[in-house]
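Peer 1: Sequence:
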Amino acid sequence: MKIGMLGTGTVGKRLAGRLVELGNEVLMGSRTADNPEAVQWAKQAGKGASHGTFEEAARFGEVLFLCVKGDAALSVINLAKPESFKGKTVIDVTNPLDFSQGMPPSLFISNTNSLGEEIQKALPGAHIVKTLNIVSNEVMIDPGITGGEPTMFLCGNDAGAKEKAAAILKKLGWKDIMDLGDISNARGTEMVLPIWVRTWTTLQNGNFAFKVLRKK
Numbered sequence: 001m002k003i004g005m006l007g008t009g010t011v012g013k014r015l016a017g018r019l020v021e022l023g024n025e026v027l028m029g030s031r032t033a034d035n036p037e038a039v040q041w042a043k044q045a046g047k048g049a050s051h052g053t054f055e056e057a058a059r060f061g062e063v064l065f066l067c068v069k070g071d072a073a074l075s076v077i078n079l080a081k082p083e084s085f086k087g088k089t090v091i092d093v094t095n096p097l098d099f100s101q102g103m104p105p106s107l108f109i110s111n112t113n114s115l116g117e118e119i120q121k122a123l124p125g126a127h128i129v130k131t132l133n134i135v136s137n138e139v140m141i142d143p144g145i146t147g148g149e150p151t152m153f154l155c156g157n158d159a160g161a162k163e164k165a166a167a168i169l170k171k172l173g174w175k176d177i178m179d180l181g182d183i184s185n186a187r188g189t190e191m192v193l194p195i196w197v198r199t200w201t202t203l204q205n206g207n208f209a210f211k212v213l214r215k216k
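Each residue of the sequence shown is one higher than the last, beginning at 1 in my numbering.
Possibly wrong hints are sitting among the right ones.
Okay, the calculated beta carbon distance ranges per label pair [as the list claims (entries may be wrong)]:
no.	residue 1	residue 2	range
1	200	111	21 to 31 Å
2	44	181	31 to 41 Å
3	1	175	13 to 23 Å
Here are the simulated lysine-lysine pairs, DSS-like style, with alpha carbons at most 27 Å apart [said to hold, decoys possible]:
no.	residue 1	residue 2
4	170	215
5	47	164
6	171	86
7	164	81
8	164	2
9	69	86
10	170	216
Derived from the structure by calculation, the hints contain no laboratory data. Glycine included, every Cβ here is placed at the ideal spot set by N, Cα and C.
Given these sequences and hints, build the entire structure.
Peer 2: Laid out in structure tokens, this is it:
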């Protein structure tokens, strides 16, 4: 599969590296085609890894990952050009974290709206699936490091896009995947972040996740 990775931070690089290991072709996009982080990542990742601009990544991928800071997400979409996303599944890993008042961060959008919904509005021709935003990047690619079988939520408006996202999650090692419904449910998953941050502060590491226990 051809995957476009929008974002050169730790999350993007960790996901991109694992997706290459799984046999996918991944183009990592950034604001400039010669971004040092992306260039270095492509060299280290080897065969199947390449780099370019946000627009090149969006056009390249059959499936796209949006892994940028929440407050930059909409500007990145504009740089990549909304038409580049048309008809594609976009896995949205962003969170609306606001660090303007220091730690712990608050959310700059919540309760009656979500960043996932705003991204879907900005990309009406694409299929946004919010997932993976409730764990650290280490757990994203290896849920087993938590010592258990955690639950991963996903939500989005298109059933086919959610099936594609779930298939990728399974290849990353996720077994307990819960579909919450349409993209408005991103309001809930994004609001998990305040408790995630406080748990991280207590444990001083990110090797944990959440589990929904239910009677089958």
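Peer 1: Determine for every hint whether it applies to the structure shown.
Peer 2: Now for the hints, and whether the structure bears them out:
1. 200 <-> 111: 21 to 31 Å: With a Cβ separation near 23 Å, residue 200 and residue 111 satisfy 21 to 31 Å, so the hint holds.
2. 44 <-> 181: 31 to 41 Å: Cβ of residue 44 to Cβ of residue 181: about 39 Å, so the range 31 to 41 Å holds.
3. 1 <-> 175: 13 to 23 Å: For residue 175 against residue 1, whose Cβ atoms are near 21 Å apart, the range 13 to 23 Å holds.
4. 170 <-> 215: holds (22 Å)
5. 47 <-> 164: holds (23 Å)
6. 171 <-> 86: holds (25 Å)
7. 164 <-> 81: holds (23 Å)
8. 164 <-> 2: holds (13 Å)
9. 69 <-> 86: holds (22 Å)
10. 170 <-> 216: holds (20 Å)
In summary, this structure violates none of the numbered hints.
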